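Sequential numbering of the sequence shown, starting at 1, is according to the UniProt record's numbering.
Source of the hints: derived by calculation from the structure; they are not laboratory data.
Keep in mind that a hint or two might mislead.
To be verified - No more than 30 Å apart at the CA atoms, straight line, and that leaves these computed lysine-lysine pairs for BS3-like: (1) K186 to K159; (2) K303 to K382; (3) K172 to K159; (4) K308 to K439; (5) K299 to K382; (6) K198 to K303; (7) K333 to K303; (8) K382 to K304; (9) K315 to K344; (10) K213 to K299; (11) K427 to K299; (12) K315 to K299; (13) K382 to K439; (14) K308 to K427; (15) K439 to K303; (16) K186 to K141; (17) K111 to K198.
None of the values given here were measured: they were computed from a predicted structure.
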Amino acid sequence: MIYKKLFVRIVLRLSLIVLLSVSMGWFLWMSAYPILAFVPLVLILYLLYRLIHDLNSTNRLLSQFFLAVKNDETALNLQHNGEGKSFDALRDSMQGVNQIIKDLRMKYQQKEIVSDAIIENAAVGILTFNSQGMVEGINRKGRELLGVHHLVSIKALMKTDPNLVALFQGIKAGESRVLKTQVKQKTLHLLVSCTCIKLDNENWKLLSFTDIKSEMDATELESWQRLISVLTHEIMNSIAPLTSLSETLVQTYSQIDAETVIGEKNLSKTRLGLQVIQEQGEGLMHFVDNYRQLTRIPKPQLKKVSLKHLFEHVKALLALDDDIRIDYHFSIKEDNLSIEADEKLMVQVLVNLIQNAQHAITDRGIIQVLACRGNEGNTLIKIIDNGMGIKAEDIKNIFVPFFTTRENGSGIGLSITRQIMRLHQAKISLESVYGEGCKVELSFPAYS
1 MIYKKLFVRI
11 VLRLSLIVLL
21 SVSMGWFLWM
31 SAYPILAFVP
41 LVLILYLLYR
51 LIHDLNSTNR
61 LLSQFFLAVK
71 NDETALNLQH
81 NGEGKSFDAL
91 RDSMQGVNQI
101 IKDLRMKYQQ
111 KEIVSDAIIE
121 NAAVGILTFN
131 SQGMVEGINR
141 KGRELLGVHH
151 LVSIKALMKT
161 DPNLVALFQG
171 IKAGESRVLK
181 TQVKQKTLHL
191 LVSCTCIKLD
201 NENWKLLSFT
211 DIKSEMDATE
221 LESWQRLISV
231 LTHEIMNSIA
241 PLTSLSETLV
251 QTYSQIDAET
261 VIGEKNLSKT
271 RLGLQVIQEQ
281 GEGLMHFVDN
291 YRQLTRIPKP
301 QLKKVSLKHL
311 FEHVKALLAL
321 DDDIRIDYHF
331 SIKEDNLSIE
341 ADEKLMVQVL
351 VNLIQNAQHA
361 ITDRGIIQVL
371 ACRGNEGNTL
381 IKIIDNGMGI
391 KAEDIKNIFV
401 PFFTTRENGS
411 GIGLSITRQI
421 MRLHQAKISL
431 ESVYGEGCKV
441 ELSFPAYS
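Please construct the entire structure, taking both the sequences and the accompanying hints into account.
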């Protein structure tokens, strides 16, 4: 409406200037009194002056307004000065827009104050730094955990722990790592998570970290209790027959003196007892060998591994094409999908998980091995079967060494699998509904 009024004023003045110009020409060339041409000339000059004045006033108003916005001057005061209703309305509109901008800035500042307060008082440490390691901000908990009063560059933490600096520099977006470190004679287990952002053509890392030592101690204690429970069960099952047989043999031969002739029946019982003792001893040795496997996993030799090539390797190794009992479906969402891993260890992981799925299927079934990219840029491999699944009460123990739900199972396959995944800074999770099937998900950090 404002601009329409201004437009009408300009059009009217231009129209009058045109008409006056025509009349001035008529007086000069057609009238007997050419001196009268002076009258329209004066009017034309006046209209031109008013037109230029209005345009300059508009430009001055706009320039004043935009300069105030640019310089964050919210105390802009555009008072009426009698230039007309159009300019008064324009000033009012600019004043209204300026008030809206002022209110928005006030709300933004209030939100910024609240956000800063939340970050500063967060229960986890928060640290932001650029690609050169220069720190943009660190909150109170972060300073407390790292033992610093202020931090300009993460390289200043080299005195505390070089491994901490290496972790901060090397951690990737969406990745979480745990580091055991010591800050001012205090042992910490820092869980560090990373988010990467790009601002003003510069890459920034936002790290959140917290000490999970107490949680790890509680988890470790619970894990030890579960492991000891399983070990006790396995060892007692092996030792109980040994003790019983040894006691029986001792009682039998303690009643026989040097002159007593041992009958064939006693000899037969003795041979049978010794055979059982031998078998139980071999079982214990096998049990110990399985335990040693958990501590002998080699350090991964990381390299780029194509999932397409990895899947082909696993299919050939297990001769899955010859298995008519189960339908296998391998799928990769992206042909060039890769992970950073030790190929031999990854083959071991997939073979173990697929074999577990095979054992869970009693009749004709389906096993799906799917690979895709996750929402956080990570790479996911999912092994899904429609077998019997795992009982709810057994899931919490499924990764405990020597725990098994299968007859004659060693109980170390999933434990080794989880250990291999941890060595790759990767994660493994399991979901199951008893009677419907099981899904195992492997999550690998984004491969750059």
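Outcome of the hint check:
A distance of roughly 15 Å separates the Cα atoms of K186 and K159; the hinted pair therefore holds under the 30 Å criterion. Only pairs whose Cα atoms come within 30 Å are accepted, and K303 paired with K382 is accepted, the gap being roughly 21 Å. Of the supplied pair hints, the one linking K172 and K159 holds, its CA atoms being roughly 23 Å apart against a limit of 30 Å. Straight-line distance between C-alpha atoms of K308 and K439 comes to about 20 Å, which keeps the hinted pair within the 30 Å bound.
Taking the CA atoms of K299 and K382, the gap is near 24 Å; set against the 30 Å cutoff, the hint holds. At most 30 Å may separate the alpha-carbon atoms for a hinted pair to count; K198 and K303 meet this at roughly 28 Å. A hinted pair counts as satisfied when its Cα atoms are at most 30 Å apart, and K333 with K303 qualifies at roughly 21 Å. Our distance criterion of 30 Å between C-alpha atoms is met by K382 and K304, whose separation comes to about 19 Å.
Annotation: proposed proximity of K315 to K344 holds, straight-line Cα distance about 14 Å (limit 30 Å). At roughly 25 Å between alpha-carbon atoms, K213 and K299 fall within 30 Å of each other, so this suggested pair holds. Our distance criterion of 30 Å between C-alpha atoms is met by K427 and K299, whose separation comes to about 17 Å. For the hint pairing K315 with K299, the CA-to-CA distance comes to about 25 Å; that is within 30 Å, so the pair holds.
Our distance criterion of 30 Å between C-alpha atoms is met by K382 and K439, whose separation comes to about 7 Å. At most 30 Å may separate the alpha-carbon atoms for a hinted pair to count; K308 and K427 meet this at roughly 20 Å. Note on K439 and K303: the hinted pairing holds, with a Cα-Cα distance of about 27 Å set against a maximum of 30 Å. The straight-line distance between the Cα atoms of K186 and K141 is roughly 15 Å, inside the 30 Å bound, and the hint therefore holds.
In summary, the hint linking K111 to K198 is supported, as the alpha carbons are separated by about 22 Å, within the 30 Å threshold.
Figure legend: structure checked against the earlier numbered hints; every hint is met.
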